[in-house]
Every structure is written in C-alpha cells, then in structure tokens.
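Participant: Each protein sequence line maps, in turn, to chains Z and W.
Okay, so the first sequence: first residue is 1059 according to this note's numbering, each after it adds one.
Okay, so the second sequence: first residue is -13 according to this note's numbering, each after it adds one.
No lab work stands behind these hints: they were computed from the structure.
The beta carbon of each residue, even a glycine, is placed where N, CA and C say it ideally should be.
Be careful, since some hints might not be right.
[To be verified] Derived CB-CB ranges, DEER-like:
id, chain 1, residue 1, chain 2, residue 2, range
1, W, Y102, Z, D1465, 38 to 44 Å
2, Z, G1551, W, Q95, 16 to 22 Å
3, W, K69, Z, Y1166, 23 to 29 Å
4, W, E66, Z, S1386, 28 to 34 Å
5, Z, R1336, W, K69, 49 to 55 Å
[Unchecked claim] Pulled a few chain W residues facing chain Z out of the computed Cβ check, cut under 8 Å:
id, residue
6, L44
7, S72
8, I81
9, Y107
10, I111
11, Q112
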Amino acid sequence: MGKRVIRILLAMFVMLSIFWGTDIGSGGGLPGGRRPAYAPGELLVKYKPALRKAAAEYLRQRWGVSTLRTFHDIGVHHVKLPADLAVEEALDLYRNDPDVEYAEPNYYRYLKATPNDTSFGLLWGLSTISAPGAWDLRTDCAAAVVAVIDSGVDFRHPDIAANVWSNPAEVAGDGIDNDVNGYVDDVMGWDFVAGDALPMDSNDHGTHVAGTIAAVGDNARGVAGVCWTGKLMILRAFDAVGVAKSSDIIAAMAYARSKGARVINASYGGGDFSQAERDEISNLEAAAILLIAAAGNEGTDNDSTPSYPASYDLPNIIAVAATSQDDSRAGFSNYGQNSVHVAAPGTNIYSTKPGRQTIFSDNFDDGSIGDWTVQSPWGVSTNAYGGTGWSISDSPGAGGDYANNIDVSARPTNPIDLSGKTGAVLTFKLKGTILAGDALYVETALDPATWTPLLGLYGDSQNEWVDLVVDLGNLDGAATAYFRFRLQTDGSGTADGVYIDDVAVTAAAVQDTYQFLQGTSMATPHVTGLAALVWSHTPALTHLQVKERILNCVDRLTALATTTPVLTQGRINASNSIRNVPAPPVGLSATAASSSQINLTWANTYYGQIGFKIERKEGASGTFAEIANLSTNTTSYNDTGLTSSTAYTYRVRAHTSDNDSAYSSEVTATTPAPSSGGGGGGGGGCFIDTALGK
Amino acid sequence: MSPASRMFQMAIFLVLAVACAGLGSGAGKGGDGGIQTIERKPGVTGEGERRYAPGEVLVRFRDGTDAGTIASIQREVHLETVKVVSSPNLFLMKIVDDTSVEETVQRLQRYREVVYAEPNYVRRIQ
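Please put together the full structure from these sequences, using the hints given.
Facilitator: Quick look at the structure:
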C-alpha cells in the first residue's frame, strides 16, 4: 500500500510539472532572491510507447544519458545528463527527436515561500495579499529604493537595520557634505524636523510602516516585510506627535527625487490643498517616481472630501484604503470611486516598534517632590492619574485655584543625561483648567539659567487626563539637559490649574520590539513594498506600468464595489501583480439594441493599458467562441450582425501583455423579432455608445 | 474655582524653538491662532483643528525673479527667508510682525512675481 501511495504521488508530481512547467522562467540558481526553477543535469522524458526501451539504450550510448528511474504508469523516464550537456541543450536534442513525445526539465516545486521569522504567523496581511506566491519569484527589492517620509525609523532595530539605504556618495561622520546636496553626513536619509543626519523615530509610526515594507525576512526574528531585503531611505518630516509641515514634506520629496528613490511611502494626509506640494509631486512624476499615499482615516469619501496627497490628480499617485481580516473595508478607512485606487490590509497589523529606554521618570507616588526644585505653590496633589497616589499641581489643595499675576515653575533638580542619545521625548499626563490669557509652558534648557519654551497650553481638559508628548530632539546628545513646567498668569481671573502625572523622558534604544497598529497608514506600506517588489523583479517596467500591475491585478471585494467603493473594487494581490495576471471584469451586462445587435458594458475598474477578449455562445446548447479581442481599456462592446429572436450568452476576460484573467460572470440577452416595416429607422440607434456616459 | 468664561476646549499651541527665539516671556499668551499639538487621542475635543504652522508662508516666485526683487517684496510684506525648500524658487518664509498668515498670503498674491503663496499646511500621520 505504501508503494502504491508513493507511485501516485510521483505521478502527480510529473503531472504538475506538465501543467505548470511553462509558468516558470528558465535558469538554475539565480541571484537576487530568486530560487532555481529546475534541477541541474536532469530531465523528464517520455518516449513514444513502442520505442521506449530501444530509445533509452540508444540515447545512453550516444550522449551518455543514464536513466535514474522509470515511471511505468505514465511512460516517463527520469534521466541524468552527462556533465558536459546542459539542460537547455539536452532539451533541444530530445525535442527534435521524433521518437520523443515530450521532454522537460525536472522542475523544482517549492512550498509557498514562507519565511522563518518567529512572528510570521501574526502577519495576516501578507498572507491575505498572497505575498508568499510573489515570494516564489522574488523576495529582494534592493533594485527599487524606497523612501519613507514619516516620523523617522528606528534604523538600529535588529529587524530593520540591514535594510536601511546607504547613500553611496556620502562619507559617514566626516562633517563634510560629500555629495553637495546641502545635507551633511546624510548616509541614510535626513531628519528634516531636527535638521540632522539621524532620522530616529520618536513616534513609533515610521518604524511600523518601514517594517511592513521591508523588515528583514527569513532571519528567524520578528516579522518579515513585503520585501525581505531592500533599501529604505529614511526621511523624517513628522515630529514625535505625528505632525509635519508641508515645507518639510516637500524638502523630503525633493531629497528622495535627487537621491534615486523609485517609490515613496506617504502614510499621512491632510485636508488642505497645497499647490507647492502638488508641484513637487509633479516633479516626482517627471522623474518616474511613484508616491503611495494613505487614503485617510476619517471614514469618508475622498471624491467629495479630498485628503492630500492621496487626492492630487496626478498619475504617479496610488491612493490606498484599508481592509480588515474578513476583507471588509476598515470602518475608519476613506474610500472614493475615482480618487482611491486600491485597498490593502490595515487593521491588526503587526510590525517593528522602536526600542526606547527610560532616562527619567517620576509618578510622584511616594508623595514627595524632594528631588524637584519648585516655586510655591507647586506641590503634590492626591488628584492623581489612576485615582490613587499623587500628582504635582500648580495649585494643590482642595478647591485651590492658581493666583493672578504669577510666574512659577517646577523642575527635576538634577540634569538629565542625553549624551549619546537620539529621539528623546518627554511624555506626561495632564488634566485641569487654565484660562485664556494664562498658560502652562513646557520649557527646556541646557543650563537652568536659559529656558526655551517648546509647548504652551491653556483650556479645559473636561476632567479627562490627556496624554502629552513633547519632542526633545533639540536636546539629543546633551550631557546636561533640563525641563520644567511653568505657569504664567495675567490679572484677568483664576482657575483650578493643572495636575501633571507620570512624567517620563525616554530616548531611542536598541531593542527587538514589535506592536500592532491600524490605519490606512498601515495599508499603504503593503502597496509600497509590492511596488518595489514588482519593479525589482521586472526592472524594465515604467512607473505607470508598475501602477498598472498593482491596480489591475487585485482581488475584487464586494465591500469595495458599491456604497464605499474604490476604483478597482479590489484589495492588492502580490502574486498576481508580480505575474501580471489581471482581475476579471465585473458588472457585465448585455442589452439587445436591435434585432441584430446586442450591446455589452462592464464596470470601469482598470487603469492604463489593458485589453478584453469577448466570447459568445448562441442558444442554450452552443459553445463559447471568441468574437473580439479589444486592445484598449474600454468598458463596452457592441456585437452586431446577430440573428433575430435568438438568445446570446457572453463572457469577457481582461488581458495584459502576459496573461488572461479569469472569466467574468456570464450574461444573456435575446434579440427581438425584426420589427415590421421602418426597420431602417432603428438602424442608426444601434451604434449609440453606452460606455460610461459620465 | 471659577468656571471658564467660555467652554474652552483643550487648546495647545506649539512654540517652535526657532520661532520663539525673539519672543518675550509673554509670547503666545491667549493662544490666538495657536495650534494643536495633542497626540491623536480619541475623544479629546479640539484635536486636529490646527491647519498650518503659525507665522509661516510658502511662496513660489516666477522663474527668473532676481534676489533683489525677492528681498524688496520681503521687506514690504515683513518676511524673512527661513530656507529655500526646493530649488529654484520655493521659499519658506517667516512673518516678522504680527500680521496674520491669511493677510500675508493675500498681500503676497498681489505681486506679479509671485506665482502663489500659501500657508505652511500641516499633515498628520494616518
């Protein structure tokens, strides 16, 4: 019984080879993350039945080919080639031999490539977009540099560091602008917020995004990106609280353009149209650079309420919505039939998290501020976060308001040592009320005689504790750094003041940490990684052909078809994109226009170059035959010269230069009987173009 | 404890280190034109209302506008160049008096040499 099972498996193996053989390109061990397609020095050969034994003997003698095994059930010989006969040469010999029915390489079959990263099982998004199918062909994206314009990236993270771009024209740490681009020692990108060469992430967002694009794959650690290897150019334009000015974003885009990025990840947005930002993205278009942009997290329609940069009407932009694990649209995700192009996974996305170490912390729960230098009336209060313990307040005590016309501060007495540190951030919790005209400032200093305000606030937190984050990037590297809270009031009235708790200063550290996040920000890097993967696999593609691959090869989802649609009605499919297998047409309908004409229409869901093959059958018992092969991206076809009073059934396939799609659903229409008299009058109406009409 | 005369929302204004250099201790009091810097936190009212950086404008001059012309426009509109954002002629400028961003943008657009001027809008991570 065991023997029989083995034989069936072997037979299946050969059959699979026959069916799938042509899908795989030529060549043995290929560089760049490819795996060999077939075994060197071996063939599978089937001789014509009467000749098997004789032919095998002849070939053995003539070319030194030996038979390793014979699969008698299917008449196939597994042969070993001599060392001086290459697989391609041997194939030619065999295929020219009239006694050979077929000959083919002994193809390798791979289990769908899954990396050994320890948390790969959590990456539902990569499975859903069929990344393993794409990885059968390529895992390396180094040929397409990806710029991440974000809150920086933890470039020392053990699951990212190896995939950080290195500026070939800059020497690290020599204090010289070697490539004369205006940025000194910009070896991995630039920090446009702090104005230095260390674009460390002090928010978490950029590191998460970068990990989805290109966390190191198959390194037995953490997660894998869409790209297992690649080059991430790190451009920090967003501060610790996740806000950027368009001036910094534009400068970052110009940097990416000048330094050879092919794809830019833009996991951010805003509602205001900026002509300057649009101009720079036009420059990117001229430089054939793709900008992959988050559609936005307002749950609204970008066609009516734009979100920029996703909504600029420029060809090099791909706007990305977010889907969840059941392939529904994530509730927060924006959409737009015209202005949002595809969706990608954006909930419960697990990726890299920057390492952080605590430099200073105080939750005041010892009830003491002996190690703080405070001006009266700053002191401890039992109005603490979490309801127990202590906080500090500018006016502690029951019902205590702050006074008019005061200027009082509180600070840790000892300096904080940030030497050798980057990405420093002050976090604290705050609640309370401060009147307009009064303000609480957060100030920093290198010397407690000279203070610089970084933040000022007033208002009413509605009795809620608010998390505050202050970017201390200006203190990075300082051996003695100070911060303080300072209340200044005018004479126009008083209020309860503020309570501050859980004060901490943290800085970047090397740690192997990860976290779940969600957002169209998390969907976007799936598409960015795919663009880099497709481009690296097929470098001859133009940037708009890469966009076609991504938009036209989606999996259609009903959730993206009607009330909250995107242009392609689809979520990306990496395996189909890298193979250029288009999605089938949807929304096919057939309408009899006359007794001799039926008009077909289908939904406008494709981008750029795509063609369509129309098949028709007549009556219930007919067979489908192709009646037209359209080479343009259209949404209609008029079938003329038909017989009256006849039912015709149609189906349509899309086709790229490489592959046909699956068939659309079938539709049937019946031509009416010829009208009695005046038939010519209807003739003109036959050619009304039903395409779109909008 | 006096209730707020208006129902203030928690409004926070960021005082950038650069922008702050010349400001006295009373700077920013009242917070008019202030900007939100609250971390994205569901349920915090007032979040997300800040649309652009205070006191800054982006200006694109026509190709070939000479430095002298740009300098005289800056003087007339009370601006200083922070930096050239992208060559050749997109400038980030700082308003050196208390003119509002909106008013400054309008004034700039009256010049023939100015292709456009706009606030330095903010974007947020999604």
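Participant: All hints are to be evaluated individually against the structure, with a verdict given for each.
Facilitator: Results of checking the hints against the structure:
| no. | hint | result |
| --- | --- | --- |
| 1 | W:Y102 - Z:D1465: 38 to 44 Å | 43 Å, holds |
| 2 | Z:G1551 - W:Q95: 16 to 22 Å | 41 Å, violated |
| 3 | W:K69 - Z:Y1166: 23 to 29 Å | 55 Å, violated |
| 4 | W:E66 - Z:S1386: 28 to 34 Å | 51 Å, violated |
| 5 | Z:R1336 - W:K69: 49 to 55 Å | 20 Å, violated |
| 6 | L44 | 5 Å, holds |
| 7 | S72 | 4 Å, holds |
| 8 | I81 | 14 Å, violated |
| 9 | Y107 | 4 Å, holds |
| 10 | I111 | 4 Å, holds |
| 11 | Q112 | 4 Å, holds |
Figure legend: structure checked against the earlier numbered hints; hints not met, in rising order: 2, 3, 4, 5, 8.
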